[in-house]
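Line by line, the protein sequences give chains A and B. Counting from 1, position 32 in the first sequence corresponds to residue 187 in my numbering; the numbering is continuous, with no gaps. Counting from 1, position 97 in the second sequence corresponds to residue 208 in my numbering; the numbering is continuous, with no gaps.
A portion of the hints provided could be inaccurate.
Derived Cβ-Cβ restraints for the label pairs, each shown as a range [as the list claims (entries may be wrong)]: (1) B:E267 <-> A:G180: 13 to 23 Å; (2) B:A178 <-> A:P220: 41 to 51 Å; (3) B:H266 <-> A:A453: 26 to 36 Å; (4) A:T423 <-> B:H266: 30 to 40 Å; (5) A:A285 <-> B:E232: 28 to 38 Å; (6) A:S228 <-> B:E244: 38 to 48 Å; (7) B:H266 <-> A:A458: 31 to 41 Å; (8) B:E267 <-> A:N264: 48 to 58 Å; (9) B:A198 <-> A:G180: 52 to 62 Å; (10) A:G224 <-> B:Q365: 50 to 60 Å; (11) B:S238 <-> A:E481: 52 to 62 Å; (12) A:G434 <-> B:S238: 35 to 45 Å.
Only some residues are given here: those of chain A computed to face chain B with a beta carbon under 10 Å [stated by the list, open to error]: (13) D170; (14) L213; (15) R268.
Think of the hints as simulated: they come from the structure by calculation, not from any bench. Cβ coordinates follow ideal geometry from the N, Cα and C atoms, glycine included.
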Amino acid sequence: MNPGHASLPLLDVSDLRVTLQTANGPAEALRGVSFALERGGTLGLIGESGCGKSMTALALMGLLPEGAGVSGSIRFDGRELTRLDEDSLCALRGDRIAMVFQEPMTALNPLHRVGHQIAEPLRLHRGLDAAAARAEAQRLLERVQLPKARERLDSYPHQLSGGQRQRVVIAIALACGPDLLIADEPTTALDTTVQRDVLDLLDELRRDSGMALLLISHNLDVMAARVERLAVMYGGSIVEHGPTQAVFERRAHPYTRGLFAARPRLGTDRRVPLATIAGRVPALHEMPVGCVFADRCALVIDACRVALPAAEAVGPGHGVRCIRWETPE
Amino acid sequence: MTAPLVEAIGLARDYRLPRETLLAPGAVVHALDDVGFTLHAGTTLGVVGESGSGKSTLARLVMALEAPTAGRVLFEGRDLNRLAPGALRLARRDFQMVFQDPYSSLDPRMIIARTVAEPLEKLDHVSRSERRERAAAVLDAVGLNAASDLDKVPHEFSGGQRQRIAIARALITQPKLIVADEPVSALDVSVQAQVLNLMQDLQQRFGLAYLFISHDLAVVERMADQMLVLQHGRIVERGRPDEVLRAPAHPYTQRLLAAVPRPLWQP
C-alpha cells in the first residue's frame, strides 16, 4: 500500500500475517498488513475492537501470544524482526522500540517505586549504576513535566493520578531514547484535558528527539489532530491508508465512511439519528474469504466475496482495499 | 408546567479520607456541594465533568444508593431518604441504573433471562413464567433476539449487545427514570451510535427520563435537553447543551471544549 521511498524507512511492515490458535481452530488475526513509517514520522492505526490494531503492535514488539504463527516481514532499521530470537528482541524492546499502553495502572508495577521502574531499562540496556540511573530517572520525570520530580521518584503508582501515571509510563518508554514509540490507546482512560496534555507531550518529545510515533486509537478526532498518515483497519487488514487529511476528506472505503458517520460530533442536529453500520464484526474463526466488510456493506457485489481486494491507488500515497470505492452510495 | 419527576435541592456529599496518622482524623472531601436541578418526565439531563468532579456521586445520590450529607432528592415529590426501607424498595421500580462497563455489570454465570428479570424478584410477586415473558419483551425492545438469547450467558455477547442487555434489565420494571453513568464510553464508535439511537428510541416509546452522565461533550449535546457542568462537586454552568457549548460562559466549560481535538489541517 505504500509508494516506494528512495531512503529506507525506519519501519517497513510487509504482508504481515498472524495466525492464532483458538478454540475453534487456527484463525488469521492479521491478513496481510503492510505499512511503512519514516524516521521521526507519525502513523495512526484506527479501527474498532478486534480489527487487529493491537495485534499489529504486539507483533512489532515480538509479544504475540503463545503458539501464534507469523509470516511476512517486519523490517526495523534494516533488521528483520520476525526472525530474531528472544534475546535479540529483548535487547531491542525498551531500547530502540518502546511501547506505551492504555491503562497506566496495569502497565506499572504497584509494588515498586516509580524511580525504580524508570531506572530499570537504564540499568538493563545502558548498564548505569544505581546512582546514575536515579539521576537520569529524575531528569526523565522532569522531561515529561511531572511536578516535583525529585520527590515523585519515591512515590508508588497508587499515589499518582491517572495522567501522572501515564507520564511515568512515557518516561519509562523514553528512558533509552527509542527510535520508535508505539502508543496503544495511550489516553483512552484519561479525561479530555489530560488527554490533550499527554498528546501534546508526546508531540513535543517526538519533535525534540526525532523518534517515530505509531499511534493506535479508536478515536478519529485524536487521529485528525495528531498523525500525518492514517491506516484504517478492519478484520485484520488495512482497508484504507493515506495522508490523514486525504483519508478524512476522501473516505474511499465504505467502512471508513461508516465509521465517520457513526461518530457524534458537536453542532449536529440531534433529531437526526446517528448513522450506524448494519450487522457486526465477524468472529476470527468465521472470517470470509473475500472482503471482510462484505456482509455489512451497502455496495457489495458477488465479486467482493471472491478474494480479499488488492490495494488500489486513490491518490498520492493513498490506497484502498475495495473494488467498489468509486461507486457513489 | 407539571411537577418535576426529580428535584434535587442543595445536595451535598462529604467523604472522610482514611487517616494518615494515628492521632488525627482523615481530611474531608466535598464530593458534591450545593447541587440543585429539576428533571422532567420524558426528558434528559446531561451531566459533564472530569474524573473527581462528582458525577458518579450525583448518580448514587439520585439512585438513593447513599444518603446526602445535606439537601434532598425528591422523586415525584417524595424525599427518597425519608422513605421506610420497604417503601424505598418498592419505589426503586421507578428508577433504574445503567453502568459504564457492560463486562463487569452482568453476572458471567447467570443466564440472560435471569439477569434481566432479577429486578422483578425484589419488587413484585411475579410468577416465574411471567418473569420470562417480560424478559423476552424487554430483550425484544432493545433489539435482541428473545427466542435465542434468553438462555445464553454474557460471554456469548459482544460489548454492544451486553450494554443492550443492561438496558433491558433497567427497563423491565417499567421505570420512569434511568440513570446512565457513562453508558457508551466503553463501546466502539459504530456500536456507540447504535446504543445512543436505541436510548433515544426507548425514550420516545416509553416516556423515559434520563440522567445521562458522560465526559463526551458531543454525546451529551446529542442526548440531553438540559445539561450541567460539574467541577469539584459544584455546578459551574447549566443550560441547553447547544447554547452552553456554542458560547460557554464559565472558564472550566471553555477549557473542556478547548480540549476536544481539532484536525491538524484546520488551524
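Right, here's what the structure says about each hint:
no.: 1; hint: B:E267 <-> A:G180: 13 to 23 Å; result: 19 Å, holds
no.: 2; hint: B:A178 <-> A:P220: 41 to 51 Å; result: 48 Å, holds
no.: 3; hint: B:H266 <-> A:A453: 26 to 36 Å; result: 31 Å, holds
no.: 4; hint: A:T423 <-> B:H266: 30 to 40 Å; result: 35 Å, holds
no.: 5; hint: A:A285 <-> B:E232: 28 to 38 Å; result: 60 Å, violated
no.: 6; hint: A:S228 <-> B:E244: 38 to 48 Å; result: 58 Å, violated
no.: 7; hint: B:H266 <-> A:A458: 31 to 41 Å; result: 36 Å, holds
no.: 8; hint: B:E267 <-> A:N264: 48 to 58 Å; result: 35 Å, violated
no.: 9; hint: B:A198 <-> A:G180: 52 to 62 Å; result: 56 Å, holds
no.: 10; hint: A:G224 <-> B:Q365: 50 to 60 Å; result: 52 Å, holds
no.: 11; hint: B:S238 <-> A:E481: 52 to 62 Å; result: 60 Å, holds
no.: 12; hint: A:G434 <-> B:S238: 35 to 45 Å; result: 37 Å, holds
no.: 13; hint: D170; result: 27 Å, violated
no.: 14; hint: L213; result: 19 Å, violated
no.: 15; hint: R268; result: 19 Å, violated
Comparing the model with each earlier hint shows violations of hints 5, 6, 8, 13, 14 and 15; every other hint is respected.
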